[in-house]
Each structure stands twice: as structure tokens, then as C-alpha cells.
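Can you make the complete structure from the sequences, with help from the hints?
There are 2 protein chains.
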Amino acid sequence: MSWTIIATWRMALEGVSKGAELLKENGSASEAIEKAIRCVEDNPRYGSVGYGGLPNYVGEVELDAAYMNGDTLGIGAVAGLKDYANPVSVAKKLSEDRFNIFLVGAGADAYAHMNGFERKNMLTEAARDTWKARLKEVNDKNLSPYDGHDTVGMVVLDSASTMVAATSTSGLFMKKPGRIGDSALSGSGLYVDSEIGGATATGLGEDIMKGCLSYEVVRLMSEGLAPQEAADQAVQAFSEKLRRKKGVAGAISLVCANKKGEWGVGTNVEFSFVVATDQDAPQVYLANLENGKTVYRVVDPSEIEDK
Amino acid sequence: MSWTIIATWRMALEGVSKGAELLKENGSASEAIEKAIRCVEDNPRYGSVGYGGLPNYVGEVELDAAYMNGDTLGIGAVAGLKDYANPVSVAKKLSEDRFNIFLVGAGADAYAHMNGFERKNMLTEAARDTWKARLKEVNDKNLSPYDGHDTVGMVVLDSASTMVAATSTSGLFMKKPGRIGDSALSGSGLYVDSEIGGATATGLGEDIMKGCLSYEVVRLMSEGLAPQEAADQAVQAFSEKLRRKKGVAGAISLVCANKKGEWGVGTNVEFSFVVATDQDAPQVYLANLENGKTVYRVVDPSEIEDK
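Sequence order for the protein chains is G and L.
For the first sequence, this note's numbering assigns the number 110 to the initial residue and increments by one for each residue that follows.
For the second sequence, this note's numbering assigns the number 110 to the initial residue and increments by one for each residue that follows.
In case anyone wonders, no lab produced these hints; they're calculated from the structure.
Don't take every hint at face value.
The list treats identical chains as interchangeable, and a pair is accepted whether it falls inside one copy or across any two copies.
Pairs of lysine-lysine residues, derived as PhoX-like cross-links and limited to a Cα-Cα distance of at most 25 Å, are as follows [unchecked claim]:
#1 K127 to K369
#2 K402 to K350
#3 K350 to K202
The structure is reproduced here in C-alpha cells:
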């Protein structure tokens, strides 16, 4: 049976490779996606997810994550979680419940604590130095502080035809305390239905949530569009609508896969992503917008700067 | 020019009446919806919104609200806000920003404080008594504590063809601290596009967010469905999907209006709502599911229990 794992950004490569190993041995989508995202969360090199994630304006690392089960539509999410090692695992546990599945702030911390999740000081020395330098720059030059908002998001189909999606991020660098983007929001940051397919987004969360883009892509696939058409159509049409209605569209990138394991990508900026399937070993791709359409090519991972 | 204001639950009647007065004098949708929702927030009789809202499991009133501008798609939202009188006004102010538009927990409190919003102890004596009694009942009888989750949500079209939507709620009674439902989530609790129409939902937020129902209703209206068809089709189809995939569907009710001022309602439980238009004075309706379809009739407000 076929399986597919697709993820946002080059930083997902090592995690996707681990997930693919599991999927190859008929492991479950649920296990593969959690392992893959934890791998990104645990790596301090990536400044926008988990350990080493860049802090908010007052120097706190606030983490958002979500998990969705495409068989049951079960969703779990946390936002503004502080100092727990693996937000995606907290979200996954919440997705098993019927009530109280989305927890924020101190309530999310309390839940993680009561359920025995690993505490960890998530602010690395490198992240603190980056924050201090940015704070100085913002104060000296009166800059807009916001920069960087790269969510790791993944969609997985396993050999038993179950699909899941999940996200994890430290959110917008220099955000106001308590700020949530799209990553934790079902329909915006992620959506999956095993009978159709799944999608996950990254970019300016404030704009992605205005279009419910992950839901829209799954819906377009349900009408018969191939994943590539669905992703590109949703991202380009919504970017155009934002420009028309608001004058400006933030960065929006999205990956998706359908229940057959076919995948697609849509973006309005340069965007790297990672795919592995039962046919293809894990590879990094670079996507760009050319003449109003998303085009992509395989690249050597070393071509893409880690961040 | 025509105008319409539609709102969830009988508790919206007084607010809708005030909003209708403004709309009649060519007031803006933005002003009308804020005034109407503040009226519900300020009334201590309503145990699920604002002052007098029922607290979470540990006795804290945690408030969620959102505001969406259908001209610009600007969204603002707060969740887990404590002890501010009018969450909808905080959400509305956030909707004017490009970044940091959705704030949760202590960060939402800090923003409201810095921006001069009115502080108020939102836990009334009556709400505290209800909470204490429920806590005792839950402990004595080992009940599931959750009960009551009635969001006030409104969609407004003004005579200048601007549409807005907004929500406000204290969320699920006895919720875990930090729990968010659908009310603050764009696409789930509310969605509006002045070129099409708007929708807002109430019921079990954990289930509503699995279907992005407000977005879906607006999308169905964009395909040419009348509001009544769009609302009913979305609610019934998704309830059926939940029963098939999860075995159970929570309460889901939704009201909507299109850019012509036509309105609709969809529900899978008994549900009251309020409508006023340039043709009709404010009236309370009671909707029910009969033979798989939503039916409704005008009722005397005294027939419906305030809560």
C-alpha cells in the first residue's frame, strides 16, 4: 500500500526521514508524524519551532501546536505553551478528548504539567542572543519588530489509509505575548479528512486565518481537484483577494496530500518543503511563484539555509 | 438601502433592538454590532456571555470574543481574557492591526490593560453560587461537568453594504482553565465577506471547529445558495459526518445573512435566535430540526427562558 509524508520547510528533512522509516514498516501515521515533528522541535538549530525557537517581545518562548486525526476529525491544540519540550505531543493527547481540546496560556501549561509532559527551558542561549540583538535594532532604528514565522506542518498518509496532520511553531518572532497565528487553528493551519486528504500552511498566520486555507484546499480536493491544483488555486486566489481587499498579502505557503498519496504545494513566496513516499526517498524541494503559478524543483538540502 | 442584523439566542434581543435603531439611522455595521454585543455582555442575567458568565472549573470567568470586518477580512480575537468588561471591544480593536491580532491568556489581559479597556470583576455572586452548586454535584455524583455553551454571535449588513460578524462567550461552563471553543476562531465561530455574506455559530465548540462551519456556509452562499439552504445544508451534512466518523455530534446552531440582507438558520437542536431588518422589527424565533431540516417560527420572547 502507498504512503506519503509531506512537510513544510527544509528543517523537516531529518524528521521526515525518521517518519518515512516508520511508514515503510507499516507504522501508523499517528506515530510517524509525532516522531517527525518532535525531531524538529528537539533541534535547537531551528529558530521557529520548539527548543531554540525565537521568543516573543519580552523574551519568552511561547509555543503553538495542533494535531488532527483524519479518521475521527479529532483535534487537539495548544497555544502560548511555555517550557514544555514537545508541544505536538500535548496537542496529540488533547485530540483524544471530546471536551477541552484546545488549551491556551497558563491553562495549557497546567494540563501539560498534570499529564506528565517533559518540562524544559526552551530558550536557548543562541535564541536569547538573537532576541537581544533584535530588540536593540528595533529600539535604535524604530523598525517593525516582526520577522520570521516558519511553522513545521506535516500531512501523513499511512499504509492503512489513515491520514493525520500536525503543526508546531514558536510563532512570529518578537510577537506580543499571547499572540496566536494560524498554526493551532483547525481549518487555517491544518485540516485533514482521511476520506479526502489533508493540508497544512505556513507564513503570516494573521493572513492565513482570514482564508481558512487548509480547509479550503481539502474541500477543493473533495471536488476532485488534484492536490497540486487545489493548493495552487487556493493560495493564489486568496492572495489576490487579500491584495484587492486589504492592499497587501503576507507570505502564504501550503502543502497537501490526498488519500491516494498524491501531493501538492502552493505558495506566494520562495518556500522549501520535504516529501517522502513509498516510491521516493525523502527529498527537499524549492517552490516559487512564476507567472502566477507555483513551480518547484528538487534541491540539494545544502542549498537551503537552515534557520 | 436594506440592512439586517441576525444573532444567536433570545438573550440577543435587547442588543439587537439597540443595533437596529442605529442601522435604521444609517449607522455603521461596526458600531451596531459592537453596541449590540456589549449589551449582552453587560447583562448579568446571561450565564454564558460577559458579566455573569459562568466560570471555568476553578471558578475563573474566562472570556473569548472575535470580530471580523467583511470589507477588509480584518480579524481580531481574544481568548481566556479575564476581568475586562467588554471582550468584543478588545477583539474589534485588534482587528484593525496587521500583526498580533489574536491574543490569549495573560497576553490578552496585558493588551487590554495597556489599551485602557475597562477592568471589571466578571464573576457575579449568582455565577459563583451556580459554580459552587455544580462543583458539589459533580463531586457527589461523579458527573461529566460540562454543560452550557451559548455564544452570542451576530452578523450585520448595514445600509452602506458593509458586513461584519462578531462573537462573545464565557465558553463551556466548568471548562478546564485556558479552554478555547470555536467562538474566537475565524472560519469556525464566525466568518464574513461583504461581497458574499457572513455566518456565526454556537454550540459545542469542539465539534464546530472540526467542520469550519461558518466559513463553509459563506462559501456555499458564494456558490449561489440562499442563506437558509446554505446554513441548513452545512449543519446537517456536518452533523451526519460527525455521527458517521465519531459516533456522536454535539449541538450545532448557526445563523447567517447574505449581502442582500436575506438570512438563514441551521441547527441540530432546539435553538432561539433574533432577527431585525429594514422590513421587520426585532423578533425572536425558535428553530428546531424536523425530518432532517431546520424549521423555525416567531415566538414571544417570554416563551424562551433567559439564561
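Check the structure against each numbered hint from earlier and tell me which ones fail, lowest number first.
none
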